[in-house]
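S.K.: The task is simple: from the sequences and hints, build the whole structure.
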Amino acid sequence: MTAGQEVLVTGVGAVTTLGAGWRSTLEAWRRGRVATGPIEPFEPGDLEGVADPRRKAKLVRLAACATLDAWRTAGLDPAAPGSVDTLFVSSALGCLDHSRDFHAAVIRRTGPSPMLFTESVLNAGAGHVAIERALHGGGHAVSTFLYDGLDGFRLAFEAVASGRCARALVVGCDSWIPELEPIFRSCGALRAGPGPGGCIPFSPARDGFRLGEAAGALVLESRESARRRDARGLARVAGVVGALRPDEPEAAVEAAAAAAADFPLAGWIFPSANGGVCETIEEPLLERLAPARGERSALVSIKPATGESFAGSAALHLVFACAALSGEEVPAFEGSAPSAGNGEAWVVGADPAGSVTLARLLAP
Amino acid sequence: MREPVTITGVGVVSPFGVGLPANRRALFEGISAVADATTFDASPYPVKRCAEVPDFPGSVPRARDLRGLDRATQLALVAGEEALERAGLRTTRGARERFGLCAGTTLGGMRSGGRFLASFLERGPGGAAYASLLQALPSHQTRDLAARLALHGPAVNVNDACAAGASAIGLAVNRIRDRVLDLALAGGFDPMCEYTHAGFGSLHLITADAGRPFDRARSGFHLGEAAAFLVLESASHARARGARALGEIVGYGEASEGHHLTQPQPEGLGAEAAMRSALADAGLSPPAVAHLNAHGTATILNDRSEYRAMRRVFGEGLARIAVSANKGAVGHALGAAGALETLFAWLALEERRAPPSAGFREADPEFRGLRLDGEGPIPFEGAVAMSNSFGFGGSCASLLLRREGG
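Protein chains in written order, with our numbering: chain A, 1 to 364; chain B, 1001 to 1406.
Hints were generated in silico from the structure; no laboratory data involved.
Be careful, since some hints might not be right.
Stated by the list, open to error - Over 12 Å on every C-beta distance to chain B, these chain A residues come out as not near it, computed from the model:
| # | residue |
| --- | --- |
| 1 | Arg31 |
| 2 | Arg206 |
| 3 | Ser225 |
Said to hold, decoys possible - Cβ pair distances, simulated, as ranges:
| # | chain 1 | residue 1 | chain 2 | residue 2 | range |
| --- | --- | --- | --- | --- | --- |
| 4 | A | Pro41 | B | Gln1263 | 29 to 35 Å |
| 5 | B | Ala1035 | A | Glu248 | 40 to 46 Å |
| 6 | A | Gly4 | B | Ile1031 | 46 to 52 Å |
| 7 | B | Leu1301 | A | Ala80 | 26 to 32 Å |
| 8 | B | Gln1263 | A | Arg109 | 24 to 30 Å |
Beta carbons are placed, not taken as given, at the ideal position from N, Cα and C, and that holds for glycine.
M.R.: Dropping the structure here:
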C-alpha cells in the first residue's frame, strides 16, 4: 500500500447540485442543503473558461468545470499548457445524453448528427479536458463499476508514485438523464417514499437512494514537484488497494480486508453506502476493518445531500476527504469530527458485483 | 533494474476468423475480409459493407456457453480464453490476486444499449428490456471477463477510443513494472454495431471503395470487429512457473494531441510524441525499429498526419522499415484495433516479414520513402516492431515489441 514517490493532492474541484465549486458545495452541505437530480440551472456563467459549452455532453461540461476548479485550488494557470503530465477521466455511465439522442436518431432513422456521435464517445470528457487545458501527456477514459469509482484515482496514484509522471489529474463524473429514474426504479434501487435527502446510509430505515449528477477533480503531485512550485498539499495519498471477486461479494470483502489488514480503518471514512445497494457488501467490510467505528472514526457521505452520482460521488468523496484532512469541517452522519481528528481518511468504493477499492489518505 | 514484461499468451478473434492459426494464415495471404453486413440492418446506409467475424459465435466450440451474452463479451471471452490457454493459465485454481485485467473498448455493450433504448422508445418504461441494459454498462464486459476467467487482480476498462486496446496493453505493462501485478490479460474488443456504422458514416469516414491505407486513392475505411488479448507477465514470474516467453513488450508511449476531438493534429505532433516516448521508454533509438504496424485508417487527414509523424521520428531511415497497415483487410475494429495490430506486429516478428497491406496499390506521392506492399509480405531483419494507435479525443499510443531471443 505504500508508494515509491510520496503523492500529494494539491488541488481539488467539484461541481454538484449544491454548487459550482468544491468550496460552495461544502458550504451548502454544511448548511444542510439537499438537492438531488440534475444540476439546475447549469448556467454558462458557471462555465467560465470552458469553451463552447452548449454542444458538449453534460458529462463533458461537468468534467471541464471540476477541472477548472481543481486548477485554481492547485494554483495552476488555466492558460498554461502542459500543467499536468497525465489525465484520467472516470465515469460509470458515459455521455448519456448525447448517446441517447444519437441512438434514438439511429433507431428512428431521422438522420443522426455527426456532432452528437463524436460528443458521445466514452473518452469525450478526457479529450475535451486535454484540448481545453492544452494537455499533451497520456489522456485516458476509464469506465468504473457503478459504485466503485476509484479506478482512475488508483491509476493516477500509481503513475505519480512510480515516478512516471510528476503531476496527474483525476476526474470522476457522471451525469443525469430522466430515463435513469425508471431504470433504477425497476431495479428497486431508488427511494420510493417522499422523505427528503439522497439516502440514509447504514440506517435501519434505509430505503434506497435518489439519483444526482456531479464531477469531482483532483490534482495529484509528487512531493518534490509540489515543493518546487511551492504548492500546498491538502492531503497525502498513502495507498490504494482493492479486490475483485465478481458475483462473490463475501470473497471480495475477505480479500479487501486481507489487503488492508495492516491499516485498520480510522479517521474520516467515506463509504459508498447509498441506502441499500452498497451496504450489502460494505457493512461486513466495515465490521471487519473498522470495528471501533464511531469511537475512532466519523462516517461521512455526500450522497444524503446530493444523491448518487456514481463515479462523480466517488471523486467527491476523495475531494472532501482532502478537505477534511486540510482542516475543513465536513458533516459526518455517524461519529464526530473531533473523534476522527487523527489526520487519516479512507475513501471506500464498494460495488455489490464484487469490487472493493480502499484509498487511504493522510494529512500532508 | 526494471523487470522485463514478457508475452506468454496470445488470443484473437477477427474478421480473419477465430484463433491464432486462422489469423496468421489470412494475415499473410493479404486477403480482405470486408463483406456485406450481416449482424445489423445496413440497408438505410450508403455503404453496406464492413468486416465481421464470420459465423460467430456459431462456429466456436462451446458456443452454447456464450448464449445470452452481448457480442462484445462473446468476442472478448473467446480471445481471452485462447490467450490464457496458450499461456498455460486456463485454470481457475490457485491465487489469482495478482493476475489483473486491462481491457480496452470504444463501444463495450453498445449493441445491448441499442436494444434497450429501442424497447424503451417503443414500449415506454414499463416495457423496456432492462435485461439488456446491464450488459450496456461500459464496465460490464470487464466484470464478465474477470468473473469467467477468474482474474482477481485489479481490473480496468479503458475507453481511449481507437487507441483503447493499445492503451490497455500499455497500462498493464506499467502495472507489472510497478509490481501492482505479476501478470495481466491485456487487450481490446469491440463488436460491429449499427451505432458506429451510422456515426462514422455521418462523418463521411466510411468508404464506398476499399480501405486503401496510405494510397493516393484512399477515401476512408470500413468498420470491423475483433478482440485480441495478450497475457503479459513479469519475466521472473514467467520463469518461476516455467512459462515460455513468446516475446517482450519493451516500450510504451502515450500522448494527447490536445487539438480537436476528431481531427488529427495536422503535423502528427501527438503521434510523434507517443512514438518518441515509447522509444525512450525502451531505451532504443529509431534505427532499432525494423517493422512498423501503422494505424493507417486510410482517411486523407489521418494518414497524412501519421506519415508526417513517422517521417520526423525516423527521418530517411523510414525507407528501411517494413510497414504494414491492416485496416484494409480487417476493417477498423476501433477499441480492439490497437490490440489486434499489436498482435499482428508480434506475428510479423515471429515470421520475420511484414504482412501485406490489403487495399494498398499506389503510394500517395506525398508519402516519400514509406515502404508498404499491398500484394505480399515484406521480409525484414531485426527484432523490434512498433505498433501505433490513435483515436478520437487525441489519444495516441505506441508500443514496442521485441522478438523472443532477439
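S.K.: Would you mind marking each hint as holding or not holding in the structure?
M.R.: Verification of the supplied hints:
1. Arg31: holds (35 Å)
2. Arg206: Its Cβ never comes within 12 Å of chain B, the nearest being 23 Å, so this holds.
3. Ser225: Holds, since 18 Å exceeds 12 Å.
4. Pro41/A to Gln1263/B: 29 to 35 Å: Once the Cβ atoms are compared, 32 Å apart, the range 29 to 35 Å for Gln1263/B and Pro41/A holds.
5. Ala1035/B to Glu248/A: 40 to 46 Å: holds (42 Å)
6. Gly4/A to Ile1031/B: 46 to 52 Å: holds (48 Å)
7. Leu1301/B to Ala80/A: 26 to 32 Å: Since the Cβ atoms of Leu1301/B and Ala80/A sit about 28 Å apart, the hinted range of 26 to 32 Å holds.
8. Gln1263/B to Arg109/A: 24 to 30 Å: holds (28 Å)
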